[in-house]
Amino acid sequence: MKKKLIADFLSKERKFKQILLIMRISVFLMLAAVFNVTASVYSQSVRVDLDLKDASLEKVFQSIQDQTEFDFFYKNEYLPKSKVINKTYSNAKIDKVLDEVLEGTGLIYRVLNTDIVVTKGRESDSGSEGLFASQQTKTITGTVTDENGGPLPGVTVVIKGSTQGTVTNADGNYSLTNIPDNATLVFSFVGMMTQEVVVGNQTTINVSMEIDAIGIEEVVAIGYGTMKKSDLTGTVSSVTTEKTMDIPNTNVLQAIQGSVPGLSVTTPDRPGESPSVRIRGINSLSAGNAPLIVVDGIIYNGSLNDFNVNDIEKIDVLKDASAAAVFGSRSSNGVIIITTKMGKTEKPLFNFNSFVGVSNPVSLIPVLDGPGYIQKILDFRESIGQEADPSKIEDYLTTTEAENYRNGKTIDWYDEIVKTSITQNYSLNVSGKTDKTNYFLSGTYYDQQGIVENDNFERLTLKANFTNDITDWYSVSLRTSFSSLDYSGEPAGLYYGLSPYGSYWEDESKGIYKEYPMEDPFFRHPMINTFVDNEDVRNSFFGLFSSELDVPFVKGLKWTLNYATNLRNRKLNNFWSNEHTTGGGSTANGLARKQVYDNYDWTLDNIVNYNRNFLDKHSVDLTLLYSREYQKYEYTYAQASDFFNQALGYNNLGLGKVQQTNSDLQDQNSVAYMARLNYIFNYKYSLTATIRRDGFSGFSKENKYAVFPSVAAAWTISNEDFMSNQEIINLLKIRLSYGENGNQAISRYQTLARIADSQYVFGDGGAATTTVFLESMANSELGWETTKVKNLGVDFGLLENRLNGSVDVYSSNTYNILLRRNIPSTSGYSSVWTNIGKVHNHGVEIALNSRNIQKNDFQWESGFIFSLNRNRIDELLGEDLDGDGKEDDNLANSWFIGKPLGVIYGYKTDGIYQMDDTDIPSGFVPGDFRLVDTDEDGELTPEDRTILGSNLPNYVFSISNTLRYKNFSFYLLINSVQGGGKDNYYVGNNMAMHNVNNPFSTWTERFNVQDVPYWTPDNPSNEFARINYMPNRSHPYLEDRSFVRIQDANLSYTFENISANTFLEALRIYVSGKNLYTFTKWTGYDPENSTSIGSFPMLRTFTLGVDLKF
Amino acid sequence: MKKIIINTLRIFIIALTLTSLSSCNDDYLQEIPQGFLSPENTFTDKEGFESGINDLYRVSRNIGVTSENLSGMVGTERDKSMTALYGAGTDLCWYWNKVDFFSDYTNINSFNATPQNYWIIFYTMIKGANVIITRSEAEEMTWDNESDKLLIQAQARFFRGMAYRYLVHLFGDVPIIEEEITSPKLDFTRNPKSEVYSFIIEDLDFASRNLPEANNRDGKLSKAAADHWLAEIYISTGEFDKSIEAASRVINDSQYQLMIERFGTMTDKPGDVFWDLFRLGNQNNANNKEVIWAWQVEYNVPGGMVENRLQRQWGPFLEQLKAADGKAAILKDEFLGRPIGFIRPSVYMEYTIWQSDWDNDIRNSEFNMQRRFYVNNPASSDYGNVVSPAPGDTVRRHFVYVQKANHPHGHPQGYDTGGRLYSDVYAIRMAETYLLRAEAYLNKGETDKAAADINVVRSRAGATPVNAAEVDIHYILDERARELLIEEPRRLTLARLGLLDERVKMYNPVSAPTIQDFHNLWPIPQTEIDANQGAELKQNTGY
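Here the protein sequences come in this chain order: A and B.
Per my numbering, residue 128 is the first one in the first sequence, and the count goes up by one each step.
Per my numbering, residue -16 is the first one in the second sequence, and the count goes up by one each step.
Just so you know, the hints here were simulated from the structure itself, not pulled from any lab data.
Where hints are given, some of them may not hold.
[To be verified] Dumping the calculated DSBU-like pairs for lysine-lysine here, alpha-carbon to alpha-carbon at most 35 Å:
#, chain 1, residue 1, chain 2, residue 2
1, A, LYS563, A, LYS744
2, B, LYS521, A, LYS828
3, A, LYS721, B, LYS315
4, A, LYS503, B, LYS315
5, A, LYS641, B, LYS176
6, B, LYS176, A, LYS1013
7, A, LYS784, B, LYS81
8, A, LYS519, B, LYS521
9, B, LYS81, A, LYS641
10, A, LYS1035, B, LYS521
11, A, LYS965, B, LYS176
12, A, LYS982, A, LYS811
13, A, LYS503, B, LYS521
[Claimed, not checked] Label-pair ranges, simulated between beta-carbon atoms:
#, chain 1, residue 1, chain 2, residue 2, range
14, A, TYR762, B, ALA362, 19 to 25 Å
15, A, ASN772, B, ASN199, 53 to 59 Å
16, A, SER790, B, ALA362, 47 to 53 Å
17, A, TYR727, B, ASN24, 24 to 30 Å
18, B, SER339, A, GLU902, 51 to 57 Å
19, B, ALA121, A, GLU1006, 45 to 51 Å
20, B, GLU120, A, ASN772, 36 to 42 Å
21, B, THR524, A, ARG820, 57 to 63 Å
22, A, LEU792, B, ASN199, 33 to 39 Å
Every residue, glycine too, gets a C-beta built ideally from N, C-alpha and C.
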C-alpha cells in the first residue's frame, strides 16, 4: 500500500503516528534544504513513461507511484476536480512531468528523498488552511533569523510544556502542525537568547534571535573582515544601538555612550555639534587624539553627524593595539567601526520612527537684577576712587538706562532671548531580502532648533544598501549614503552682559530692535545677529562599491575589492548688509563672502581572505590587504564689499566695488600593505598576528614608510575538558596582546617651509601689492608617532551566563611623539613640529552585565562600565639644557616629565586678601586673590608657579539598567566622571564665576555681571574677587569637575498582537529624557565640557516618539 | 599534510597576485605643495624678494597702527599695547581707570601682554629681513643687476635696524640675530646695548647709502628715513657729530621742508597748516614736503583696510555725555566718530605745555585741540549749545580731543563704532629731525644751535621763539610733546633718554607713586624666557 493520504493520519486516534510523520517531514524538509544536492539525485535520474487520457491529478500521482519509489503526500480537497490531463510521456523526468501537470493549479511540489509533497502555493500562504491543518488545531510556519537578518538553521522550536517540536532548516524555516491557539512556542539556540512567543491567532511566526549577552557566536567587525567573538584575541567592544534607539541622539556615538569601557563621548550643548570622542585617554601631545572611523569596512574621513542613528546596525570599538593594528598608522587612538543595516526578512519590512522633543537649559546662571546692577556700579566706582553717590546714579547710567531706571522698567534678557528648543525627527526605512538580493533603504529628516533664535540644525539623510549575489560564488554590493546638514543662520546672542535697564525695542510698534540696548556698542541687540544672511550647508556623499569573489577551485579563498569615494562639500555664504553693524557690514558698506570647501577622498582596498577549517581542529583565517587612499581639499574664497545696492547679497559679488579672492588646494596620498593571520586550535587556543606597512606623503623623504606589527593570543579555558564538569563557569577566556600603532594625524605639508602671503597698498588710491613671508621652518625629520600597547584581558560568564563581563588591563607607550613645540618667538616662529618624546598610559577597564531577574513577565538587566586611565610624560625633548642632571620640563607648553598631559600649571591661590591683612605685597590690594609663594622665598616670582592639577579624569563609570514588565520596557543610564585623588584630577578653570570683571576686562562698570557675592570691604569673600579685579599675574580658578549624571532614561510600550486586519506589525510608543539631572560641585554650566557663563548652557531634553513596523 | 602545504602555497600565490595588481611605483608619496609657495620657488628673482620686502612694510605697520593680529592677541589687547607705547603711563596721560595700560607700574611684570606683543612684532620683522638678507646672497640666486640686490638689502637692513631701534630702547640688551634661522633655536642670549647700537648703525648706514634719494610720497623708503634714525641712534651712542651729520643730510635735502602754508584735501575748510598735515589723503600728498616716511592705510582696499584705532584710544568718551536736560548730548556722529577715552590726559598734556603760547601756537588751536563740544541731539532742549560737563565726566567723557586722532569732516564710512581712522600714519616727519638735531647740539653744549633748530619748528607753529638759555632736555621733551603728540611713541623717547620715571614723577600724579627707575625698561616676556631652554634669557633687573 503505497498511497498515503495525509488526511488519514490526522484522525485523533492515530496521534502517535501522526507525530512521527510530522517529525519525519520536518526533518526531511530540513535535510532537503541542507542536502538538496543529494536529494535531487534520485529525482534527477528516475524516468517514467506515462500515457494519460482524461486523467485526474490523483491518477497521475498514482501512476508515478506505481512506477517509482516515490510516495505522494497531498490533501484531497486541494486537487482541483476539474483538472483533466491528456498527455503522453516517454522516459520523462519526474520534475518535467510534475511541472506540466501542476501548471495552472496553484499547486507546488517538493521532493524529499522519495517523498513528494504536493501543496498549495507557498508554505507560509493562507493561514488557517495550512497543509496539515485541522479544525481544532493549526500549523505554524515561520523563519528564524539572526540579528543580522541571516537565516538561522538548527534552532529548536518546541511547544512550551510539551515534547512536540522541530528544528529550523538551512533557510531558517520551520513548520509545526497541530498547534493549539493557547500554545507558546519556545525558540532556543546555543549562544542566543531563548525567546517565547504566544501563538494566539498567528499562523506565521518569524523570529529574530538575539545574541545572548555573552554572545559567544556573535560576529564582530575587526577591520577588513569579521570574526566570531569567541575567536577574538584582541580587545573589541561590540555594541548595538538597540537599547538607546529611543534616546534623541544627533550623533551615533552618543548612542553608545556608557556602553563601552574606555570610550568617552561628551554631550554636545548646541544643535548639530559633534561630540568629542576618545578611546583610552590621550596618547598624543599635539597631534589628534580622535579615533579612526571606519564605515562598512572602509576608512571614513567625514563627520559622524552625517549619519542617521537609526541606520546603524552596530558599532565595534577596537581598543587594543593588536585589534587596531590592521589600520596601522591611523589607529593609535583606537578604531570605531560602524556597520550600517541590511535587510533581515524576506517580507519587506517598513519601519517608521518619529519623535518630537523639547529641550530647556538645565540652568541659567543668574545675572544681577536692577538693584544689584545699581549697587555694582556704585561698588565699581568706589573701588577705583571715582565718585559713587547713590543720589547721582543716573549720571553713571547711560541715557537709556537712566530713563528706564526713572520709570522703574527692568528687563530680564534671558527671558527675552531663551526659548524652548524643539527637536523633530522623521525616519522611514524599508529593508528586506530575497534569495539573491538584500536591501536597506532609508530616509530621515531631523530638525533641531536651539534655545536661541536661529541656532538651528537640519539634517536630511538618505541611505541605500544593496547586495546582490550574481552567482553562487560572486556577489556585488553597493552602500551609499547622502547627507545634507544645514547649519544656516547666525544665532541670536546669548549675552549676559546686557543691562537690566537696557531697552529691547527702538520702536516696538514697528518691530525695530534697539541696536545698542544700552547705547554701548560693545553689546548689540542679541537679535541683530539673526539679520545676517548666512547660509552654511554641508553635503556629503559616501559610496562604497564592493565585489566579492569566492575564488573557484580553492575552498575558503575569497577576493574582495572595495572602492569607496566620499565627496564632501561645504558652502558658507554670508552677507552683512550696511544696515547693521555686525560683521563689518556697515563699515564696508555691505560685505558679502562666499566660501566653498570641497573634499574628495577615495580609497581602494584590495583584500584576499582565506578561511578554512582543517581536520576539524585547525581553523585558519588569513587576510592580505593592499590599500591606497587619496584625499584632496579645495577651497575657494570670494569676497566683495562696498555695494551700491544691497538687494542681491552674496548672490552677485560682482556688484561690490572692492573684490578679494583666494583659493587653496591640498592633497595627500597613502598606501598600506597588511597581512593578518588568525589561527585557532581546537576552539581553545587562538593566535592572531598582524603586520602592516604604511606610507604617507605628508612625512619627510626618509620617513615615508613605517611598519606596525602586532601579535595576540587567547585561551578559552572553559572549553578545556577539565572545565566540563562544573556548572558555575560557562565562559572563561584569557587574552594577551602586544602591538604597535601609528599616528599620522598632523596635517600634510608640515615638513616643508611654507610661504604665506598678504597684501599692502603703496600710495593713495592704488591697488594692493602682494607680500610674502616665510611662515614656517622646513622640518626634514617629521615621521610617525608609534604607540606600543600591551593588553591582558579576561572574558567570563557565570551562572548560565547570568553574570558576564570582561576585564582588561593595558599599558602603552607612545614614542616619537608629534609635538608642536613652542619655541622662542625671538626666532620669528612661535612653534615647530617635532618628533620626540614619550608618553605612557596604563589603565583598567571593566564591563559587567548581569541578568538580575529573568521571569516570563519581568526581566531586569544591569550593566556596569568602569575605566581608569593614568597618563604620564616619560620623555620630552631629551634635553638637559639647564644642566641640573634631569631632563628639562617644558614650561612653555606645560609639559612636565613624570606628570600627566593636561596638567594645569600656574600660580596657586589661597583665598583673597582682606582689609586687615598686613602681608599684602606690592601690586596687590584687598579683594585680590592671594597667590601662594610656593618656594617660600618671600617674593612672588615666576618660580612660584606650580602644578595645580590635571584636566584628565581620575576614573569614569556608568551604570545602565533595563527593566521589562510585560510590554513595558524601561532603560536608565547613569554616567559619571570622577576627579580628585592626590594629583587633583579633573579640575577646570572656572574663571568667569570667580572674577566677574575678567570677561569684560576693565569694563565691568558698563556691563551686567553674574550674580555672585563678589568681594567688597563689607563682604570679605574668599571665593569671589573684587568687582574690578584684574590679576597682574594670570592664574586659574580651579573647580572640581566630578559629576554623576542621570544621562538617559526611556520608557516604552510595545503593542503586541495588533488585530489581524491592520497592516501594522508592531507599534511602540516611548518617552525619553536626556541629561535629566547632574550632581556636581562645578558652579558653571557643564562640568563635562568645562563650560560656564558666557557659553551655552547644558540642555535637558524630553521626547515623545512612536515606532511603527509594517 | 602535503596537500595542505600545496594548498597554502597556491593560496599565497593567488593572493599575492591579487594584492599586487596595483603598481609598486610610489611616486605619489612625493609631496608637492600646490596651494602655497615655498621659499625655494619664491626667492628666486627680484620680484620674489620685492614681495618679501613688501611684507616688512606690512609687519612694521603694526607698530604704529593697531592693525593685524600678528601676535595672537585680540584687538583690545593690541589697543592697550599701542596706547601704552604712545602715551599711557608716561608724562602725557594714564589709562582712565588709573590701573591698566601701564598706568600702575606695580602691575607690570613679565606676564604682561604688551611687551610680548611688541617683542613678537619686532622679531617677526627681524626674521623677515634676515630671510631676505641671507637668501639674497645665496649661491643659487643670480641677480641681473647688483643694484637690484643692494636696493633689496638696503630695505631689509633698514627694517632690521628699525626693529632693533625699538627693541634696544624698550628692552635694553636684546639678542642679535644676523641671519636666517633654519632650525629651532633655544639658546638666545642678550647682547649688550652697545653691540646692538653698532648693529643698528651698520644696518641703517648701509640703508642710507643704498636707499634711493628720491621720496615718492607713496609709503616707500628713501635715504632720509635711514638718516633720520641714524641721527637718533648716534645720540644714544654719544656720537653727536655723526648725529648732526645724519640729521643735516635730511634737513639740507631740498626735497624736505616744514609746511608753512595750507595744502591738500581740505583747504576749503576752516583750519591751519598743522591741521592739514593730518587730514585724510594729505600724508602722501605731492605737496607735502614734511613727510619722510608714512605707514599706509587705505579705506576699503584689501591690504589697506587696517584698524588704525587712534580715535578710540585718544578721544574722550563723548557718547556718555548728557545734556542739561538729562538727554544724551552727543548722538552717533560721523564728524566726532566714536572715541571711547582709553586715556585720561595729564594736566601737562592738556594745559601746561600750551600755557606760554596758548593763543598763538597753532598746534593748540581749536582745530587741533578741540576742547568744546556741542549738543547734537535734536531731542534735547540744549541742542546746539556747548556741553557743560559734570565733575564726574572729566574722568573719561570730557577732555581735549586731539584732532590728529579724528576725521573732523566725516569718516569715509560714516559713523564707525570701531573708532577707526583711515589716514596714513607718519612714521617719520621732518619736524622730528629738527628736534633730534637740536638734541644732538644740546648734548654738545651748543644750545644756540639747538634753539635755532627748535625755533624752526616753533615758528612754523606761530609760537614764540625759545632762548638758547632755556633749552634743556626737558624743554626738548616739551616741544616734542607739542609737536609730536600721538605721533611719537612717547614711552620709547623717554626710555631712550632714561627719563621715564623722572618725567612720570614730574607730570603724571597717578602713575608717579607706583614707578621706580627700573621701569624705564620693559620686562623680557616670560614666554620667551620659558621657551628659551638652552640658555638663560636674563630678565631686566627689578622684574
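Checking one constraint from the list: CA of LYS641/A to CA of LYS176/B, max 35 Å. Satisfied? At roughly 56 Å apart (the allowed maximum being 35 Å), LYS176/B and LYS641/A break the hint.
Pairwise hint evaluation, LYS315/B against LYS503/A, where the allowed Cα distance is 35 Å at most: Holds, at roughly 27 Å.
Is LYS519/A within 35 Å of LYS521/B, Cα to Cα? Roughly 51 Å between the alpha carbons, so the hint for LYS519/A and LYS521/B is violated.
Hinted pair, alpha-carbon criterion (35 Å max): LYS721/A, LYS315/B. Please report holds or violated. holds (31 Å)
Just to be sure I understand the hint, the distance between the Cβ atoms of GLU120/B and ASN772/A should be within 36 to 42 Å; is that true here? Violated: the Cβ-Cβ distance is about 54 Å, outside 36 to 42 Å.
Verify the CB-CB distance for ASN772/A and ASN199/B against the hinted window 53 to 59 Å. violated (37 Å)
Given the proposed pairing of LYS784/A with LYS81/B, does the C-alpha separation stay at or below 35 Å? Answer violated: LYS784/A to LYS81/B is near 44 Å, above 35 Å.
Does LYS982/A pair with LYS811/A here, judged by a C-alpha cut-off of 35 Å? holds (33 Å)
Does the structure keep LYS563/A and LYS744/A at a Cα separation of 35 Å or less? holds (32 Å)
Pair hint outcome, LYS81/B versus LYS641/A [Cα-Cα no greater than 35 Å]: Roughly 33 Å separates the two Cα atoms, so the pair holds.
Could you tell me whether the CB distance from SER339/B to GLU902/A stays inside 51 to 57 Å? 53 Å Cβ-Cβ, so the 51 to 57 Å window holds.
Are LYS965/A and LYS176/B close enough, with their CA atoms no more than 35 Å apart? violated (41 Å)
Hint compliance for this structure: hints 2, 5, 7, 8, 11, 13, 14, 15, 19 and 20 are broken, all remaining hints hold.
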